[in-house]
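K.L.:
Sequences listed follow chains A and B, in order.
The first sequence begins at 1 in the working numbering and counts up by one.
The second sequence begins at 1 in the working numbering and counts up by one.
Keep in mind the hints are simulated off the structure, nothing from the lab.
If a hint is listed, it holds; no wrong ones were tucked in.
Result set (DSSO-like, lysine-lysine): computed pairs, CA atoms no more than 30 Å apart in a straight line:
#1 K418/B to K371/B
#2 K134/A to K588/B
#3 K130/A to K650/B
#4 K135/A to K588/B
#5 K620/B to K130/A
#6 K590/B to K146/A
#7 K146/A to K620/B
#8 K134/A to K620/B
#9 K594/B to K134/A
#10 K594/B to K146/A
#11 K135/A to K594/B
#12 K430/B to K350/B
#13 K147/A to K590/B
#14 K300/B to K325/B
#15 K640/B to K650/B
#16 K135/A to K640/B
#17 K650/B to K48/A
#18 K371/B to K338/B
#19 K147/A to K620/B
#20 K650/B to K52/A
#21 K134/A to K640/B
#22 K135/A to K147/A
#23 K147/A to K134/A
#24 K135/A to K590/B
#25 K640/B to K146/A
#26 K588/B to K147/A
Chain B is faced by these chain A residues, among others (derived, beta-carbon under 7 Å):
#27 P68
#28 G103
#29 V126
All residues carry an ideal CB built from backbone N, CA and C; glycine is no exception.
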Amino acid sequence: MPQKQHGGGLNKGVVLMILAALVPFSLPTVVVLFFTMLPTLAAWGTEKGPHKYAWLCVGGLNLSGVIPYLFGLWFGIHNLDAAFDLLSDATVLLVAYGTSAIGWLIYMVMPPLVASWLSYTSERRVAAMKAAQKKLIERWGDEVGKKPQPAGAAPAGVE
Amino acid sequence: MAEAAADKGQEQEQRQAGPPGLLRDRFLIRSNQPLTELSTPTAEAFAAEDRRDSNRSLYALICKPELPPRVNVMRALRGLQSPGLQTLVEWGPMNWPPTGRQCMTVVYERPGGRKLVANNRPNEIRRIDEYDIGRKVVEPLVAAIRELTGRGITHRSIRPTNLFYMDGAGERIAFGDCVSAPPAFSQPMVFETIESGMAHPVARGSGTYSDDLYALGVTLVFLIFGRNPVAGLDDETILKMKIQQGTFTTLVGDERLPISMTEVLRGLLCDDGDQRWDIEALDLWQQGRRMTPLQPRVEKRAARGFPFQGKEYFNCRELAAAMTKNWEAAIPPVLEGKLELWLRRAVEDKERAQAVSDVVRMALGGTSDKKVVSDLMMCKILILLDPSAPIRYKGFSAMPDGFGSALAALMAQRSDTKLLVEMIMREVPKLWFEARNVYQPDNSLMEQNFRELRAYLSQTGTGFGLERCLYEMNDALPCQSPLMGEEYVVELKDLLPALNAAAAKRTESRQPPVDRHIAAFMGARARSDIDRNLLGLSDPDTGKSLMALLNLYAVFQYRLGPESLPNLAAWLGALAGPMMGCYHSREKRKELEKEIPRLVRKGSIVEIYQLLDDAEARGKDESEYVWGQAQYQAAEDEIKRILADEDERKVEADRVGKQTAAVTGILIALITITFVVIARVW
Numbered sequence: 001m002p003q004k005q006h007g008g009g010l011n012k013g014v015v016l017m018i019l020a021a022l023v024p025f026s027l028p029t030v031v032v033l034f035f036t037m038l039p040t041l042a043a044w045g046t047e048k049g050p051h052k053y054a055w056l057c058v059g060g061l062n063l064s065g066v067i068p069y070l071f072g073l074w075f076g077i078h079n080l081d082a083a084f085d086l087l088s089d090a091t092v093l094l095v096a097y098g099t100s101a102i103g104w105l106i107y108m109v110m111p112p113l114v115a116s117w118l119s120y121t122s123e124r125r126v127a128a129m130k131a132a133q134k135k136l137i138e139r140w141g142d143e144v145g146k147k148p149q150p151a152g153a154a155p156a157g158v159e
Numbered sequence: 001m002a003e004a005a006a007d008k009g010q011e012q013e014q015r016q017a018g019p020p021g022l023l024r025d026r027f028l029i030r031s032n033q034p035l036t037e038l039s040t041p042t043a044e045a046f047a048a049e050d051r052r053d054s055n056r057s058l059y060a061l062i063c064k065p066e067l068p069p070r071v072n073v074m075r076a077l078r079g080l081q082s083p084g085l086q087t088l089v090e091w092g093p094m095n096w097p098p099t100g101r102q103c104m105t106v107v108y109e110r111p112g113g114r115k116l117v118a119n120n121r122p123n124e125i126r127r128i129d130e131y132d133i134g135r136k137v138v139e140p141l142v143a144a145i146r147e148l149t150g151r152g153i154t155h156r157s158i159r160p161t162n163l164f165y166m167d168g169a170g171e172r173i174a175f176g177d178c179v180s181a182p183p184a185f186s187q188p189m190v191f192e193t194i195e196s197g198m199a200h201p202v203a204r205g206s207g208t209y210s211d212d213l214y215a216l217g218v219t220l221v222f223l224i225f226g227r228n229p230v231a232g233l234d235d236e237t238i239l240k241m242k243i244q245q246g247t248f249t250t251l252v253g254d255e256r257l258p259i260s261m262t263e264v265l266r267g268l269l270c271d272d273g274d275q276r277w278d279i280e281a282l283d284l285w286q287q288g289r290r291m292t293p294l295q296p297r298v299e300k301r302a303a304r305g306f307p308f309q310g311k312e313y314f315n316c317r318e319l320a321a322a323m324t325k326n327w328e329a330a331i332p333p334v335l336e337g338k339l340e341l342w343l344r345r346a347v348e349d350k351e352r353a354q355a356v357s358d359v360v361r362m363a364l365g366g367t368s369d370k371k372v373v374s375d376l377m378m379c380k381i382l383i384l385l386d387p388s389a390p391i392r393y394k395g396f397s398a399m400p401d402g403f404g405s406a407l408a409a410l411m412a413q414r415s416d417t418k419l420l421v422e423m424i425m426r427e428v429p430k431l432w433f434e435a436r437n438v439y440q441p442d443n444s445l446m447e448q449n450f451r452e453l454r455a456y457l458s459q460t461g462t463g464f465g466l467e468r469c470l471y472e473m474n475d476a477l478p479c480q481s482p483l484m485g486e487e488y489v490v491e492l493k494d495l496l497p498a499l500n501a502a503a504a505k506r507t508e509s510r511q512p513p514v515d516r517h518i519a520a521f522m523g524a525r526a527r528s529d530i531d532r533n534l535l536g537l538s539d540p541d542t543g544k545s546l547m548a549l550l551n552l553y554a555v556f557q558y559r560l561g562p563e564s565l566p567n568l569a570a571w572l573g574a575l576a577g578p579m580m581g582c583y584h585s586r587e588k589r590k591e592l593e594k595e596i597p598r599l600v601r602k603g604s605i606v607e608i609y610q611l612l613d614d615a616e617a618r619g620k621d622e623s624e625y626v627w628g629q630a631q632y633q634a635a636e637d638e639i640k641r642i643l644a645d646e647d648e649r650k651v652e653a654d655r656v657g658k659q660t661a662a663v664t665g666i667l668i669a670l671i672t673i674t675f676v677v678i679a680r681v682w
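Can you build the whole structure from these sequences, using the hints too?
P.N.:
This is the structure:
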């Protein structure tokens, strides 16, 4: 899929360009976001395959961990010192990375959970079908399971 | 001492013979009182007693089961009183203890005198004076033949050993039994016309009154001479002499006869059936009117003999008879054209020679099976050589109306019927009918019958085949099915009661109450055409074939009765399983299982059939069943689909799981932002 790879690279470039454009206007925010959202970046960069949902899940959780501090920065002193102060606070990083870890956990647990659910519902459906068949056999005998003959294929000699 | 020994012997004989038979709850047939002097070659005679009139002097003939009796003639003769006939008082099947089965029994009035010629001394014939013969013999016997002719039947057993003095004084003579065996079966060759004599004894057919008059003529010769004029000669020699010299010359030869007797004997013994005297001519003769004696016309003698099998034959009839007996050996000289040459040069019959040549040429140009072609060619050749002879095929000769009794006898004796089957399948009788010069309505009817028989033989299913031919050709033959046991069933109305009686004794429960004989019997005896229903009996689906049988029996019970046939109904009820199979619904089947025993106790096959063949219920059952099948199939397909999509489901689960996780992440982020915004704003 060279086109897709090319498209993916383009998207990444666009995102980086937008971030780069934001730098002159809100450098402290970008610095905080860059360092606290590193797990999201990692998820975005490392996930393979056609469906890349990890960065959304990890990113969502990661952002929820970062956003209260980011609001503090925006509504407090919005300069590079304050940004680095925040980044030097272990709690901030712990919360940001911890929430991203929860995001990873959710991302890893959700597919097996969904698979189990689907399997459960399929089994229920099969059981219901088999029960219906059993009832039909009780009413009509085993021959009800035979495929019906097409019209006109009645045995010879029938009046 | 001697008396005691005799009594002991009598007692022992009585014990051996067993209890008496009872015919129609009226005539007691004493099995311990055999009457040897009244027995016939095909039936044993026993003393009989009328329980309503013990003074009546009667005797009974017990027919041999392996020979078909002439039931139609029995029907016609019952109660008939004629000076020249023994009165047939009663007839019918009867349980005969000595044989342990039902036998056809005929009760006659016992003659007052003895037999003219004892069975064990056939050559000791008492001479009857020429002056008495008209009054004592011709008068009553011609009256009897006239009576029989009026009823459309023939006697076919006219011979001295079957004549009785009906009174002690020996003034009146009468014919004996003629119904206990197929027509002319027991007749020595000398009493049969040349044509009938050529046929197999069992296949001589009913013939016409002319055959009876011929036999009467031969009988008169025996009685006038007081001896058998051809005693010591074998049948072949007698036949040869009759062909070469004519019957009159063969029997009378140089003997002197009164002119009046010469006249009647020449008339009766004429070998040409068309010229033979009839009843009117005999009446005129009895009235004293003198007629010109017929001159015998014998077969034209060839200038030189035809060499065949080491003998030389000088006329066509003899040669045809010899070729019939040596079928295979006769084919090469015919194919080589020797016969045609002989006919052309020695017999000087160019027309016949040309006809033979045409037949041979057609046979040589035939493309089908050579054996079949040459056999049919021989049939045609023999018909050309002797058109009035019986239908002949590979050594078997039969009159067209003798096929039925021949088939019945062969099947009863479990003999090979291949020849008869071949004759019908290859349309040999048709060749014979085509060769008739004069149109006879009876022949057309018989030809049509043979066509139908061929159609029946072509079908091999139950109710058709050889068995069907047997009952079609013998309309008074009892059903030969082993399922009937001792029952003697001649008419369709007796079939179900007989099966009901047989059902009470049956041990094998799985066999249905029908076999090829019963089915063929029904097909032949039913007034309406039931062939379509009979076809159902051969259905490979047991349920459907039993349903077809139930349908037939229900119709017969409805039309012919009786109302209750509990044993037969039980038999059919025991086989109802496959018939209930025509309903798919298990619930319906259980309902039927509960209902059938009630109807079995009632003995109603009609109601059992109606119960099982409810068209509305069957239609509903069928449509619901088809819907059920569709539902089952849909469920089956769904299950298969679910089980087959395991891998796809894993991929799907992975994708949906990841999407769910992503959505969850985004939702958490949005909720958090919302809470943080709210907290900051407030």
